[in-house]
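Undergrad: Chain residues, written in single-letter form:
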Amino acid sequence: SAVISQKPSRDICQRGTSLTIQCQVDSQVTMMFWYRQQPGQSLTLIATANQGSEATYESGFVIDKFPISRPNLTFSTLTVSNMSPEDSSIYLCSVPSSGTLLTRETQYFGPGTRLLVL
Amino acid sequence: AQTVTQSQPEMSVQEAETVTLSCTYDTSENNYYLFWYKQPPSRQMILVIRQEAYKQQNATENRFSVNFQKAAKSFSLKISDSQLGDTAMYFCAFMKQEYAGGTSYGKLTFGQGTILTVHP
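Protein sequence lines correspond, in order, to chains A and B. Just so we're aligned, residue 1 is where the first sequence starts under the numbering used here, counting upward by one. Just so we're aligned, residue 1 is where the second sequence starts under the numbering used here, counting upward by one.
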């Protein structure tokens, strides 16, 4: 499985500010995914980041609020912009497993970034 | 759109006993994958087991096994010989192929989760 790290692991931010979360993978991957997990809730996909193209956002998520960068095959950032208390969540990145096309149908997750907005 | 339903918000089991977590899903797809993920208090999402829809044989991984009923769209997880370290939130997830930027990838949809507590 891939080794995925995220920075920061947690942060407390003031409303109206922005936070950029970094995701680093120990191997090259074409796709990276960003999820949000609100307190006590399940994971919701925010967007899919394909290296070399614009991220694809899910319904309810927009680029102005959650801009994503994907500068190379091992790294991505998610920015949470103009934050409000409703943005308090855990944000996780994930990547497909390496290997054949069939075995890529497994995703591994980073440790998550716990964000609290006051 | 796919939906995944876990009808048990919380479950508890005694150490060394067996517990089954339920999951149902709704899809019109024929080719897909199903997963159980575990999220302990550390919040790290850990893959427990994976099932390909085209395989009739149920997946097993040590103490973890699934009962996959494709016609009924049911995918339950059985944990045998439960251990204290199994205490976690368990998520059932459905994956189907999507395409973006000329690349295919697997898109995951998660259920609401089941909190499992293993008691000594």
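Treat the hints as calculated values from the structure; they're not laboratory data. For each residue, glycine too, the CB sits at the ideal point set by N, CA and C. Take the hints with a grain of salt, since some may be wrong.
List time: in silico DMTMM-like cross-link candidates among lysine to aspartate or glutamate, alpha-carbon distance up to 20 angstroms [claimed, not checked]:
id: 1; chain 1: B; residue 1: K78; chain 2: B; residue 2: E15
id: 2; chain 1: B; residue 1: K107; chain 2: A; residue 2: E58
id: 3; chain 1: A; residue 1: K7; chain 2: A; residue 2: D26
id: 4; chain 1: B; residue 1: K96; chain 2: B; residue 2: E52
id: 5; chain 1: B; residue 1: K55; chain 2: B; residue 2: E29
id: 6; chain 1: B; residue 1: K107; chain 2: A; residue 2: E86
id: 7; chain 1: B; residue 1: K73; chain 2: B; residue 2: E52
id: 8; chain 1: A; residue 1: K65; chain 2: A; residue 2: E86
id: 9; chain 1: B; residue 1: K96; chain 2: A; residue 2: D26
Just a sample of chain A residues kept apart from chain B, beta carbon distances all over 10 angstroms, derived [said to hold, decoys possible]:
id: 10; residue: C13
id: 11; residue: G16
id: 12; residue: T17
id: 13; residue: Q28
id: 14; residue: F33
id: 15; residue: L43
id: 16; residue: T48
id: 17; residue: G60
id: 18; residue: I63
id: 19; residue: D64
id: 20; residue: D87
id: 21; residue: S88
id: 22; residue: R114
Short, incomplete list of chain A residues facing chain B, as computed with Cβ under 8 angstroms [stated by the list, open to error]:
id: 23; residue: T30
id: 24; residue: M31
id: 25; residue: N50
id: 26; residue: S84
id: 27; residue: L92
id: 28; residue: P96
id: 29; residue: L116
id: 30; residue: V117
Undergrad: Evaluate each hint against the coordinates.
TA: Status of each hint after checking the structure:
no. : hint              : in the structure
1   : K78(B) to E15(B)  : holds, 14 angstroms
2   : K107(B) to E58(A) : holds, 11 angstroms
3   : K7(A) to D26(A)   : holds, 14 angstroms
4   : K96(B) to E52(B)  : holds, 11 angstroms
5   : K55(B) to E29(B)  : holds, 15 angstroms
6   : K107(B) to E86(A) : violated, 25 angstroms
7   : K73(B) to E52(B)  : holds, 13 angstroms
8   : K65(A) to E86(A)  : holds, 13 angstroms
9   : K96(B) to D26(A)  : violated, 25 angstroms
10  : C13               : holds, 18 angstroms
11  : G16               : holds, 26 angstroms
12  : T17               : holds, 23 angstroms
13  : Q28               : holds, 13 angstroms
14  : F33               : violated, 8 angstroms
15  : L43               : violated, 5 angstroms
16  : T48               : violated, 5 angstroms
17  : G60               : holds, 13 angstroms
18  : I63               : holds, 14 angstroms
19  : D64               : holds, 20 angstroms
20  : D87               : holds, 17 angstroms
21  : S88               : holds, 14 angstroms
22  : R114              : violated, 7 angstroms
23  : T30               : holds, 5 angstroms
24  : M31               : holds, 4 angstroms
25  : N50               : holds, 4 angstroms
26  : S84               : violated, 22 angstroms
27  : L92               : holds, 7 angstroms
28  : P96               : holds, 6 angstroms
29  : L116              : violated, 14 angstroms
30  : V117              : violated, 18 angstroms
Hints 6, 9, 14, 15, 16, 22, 26, 29, 30, counting from the list given before, are not met by this structure.
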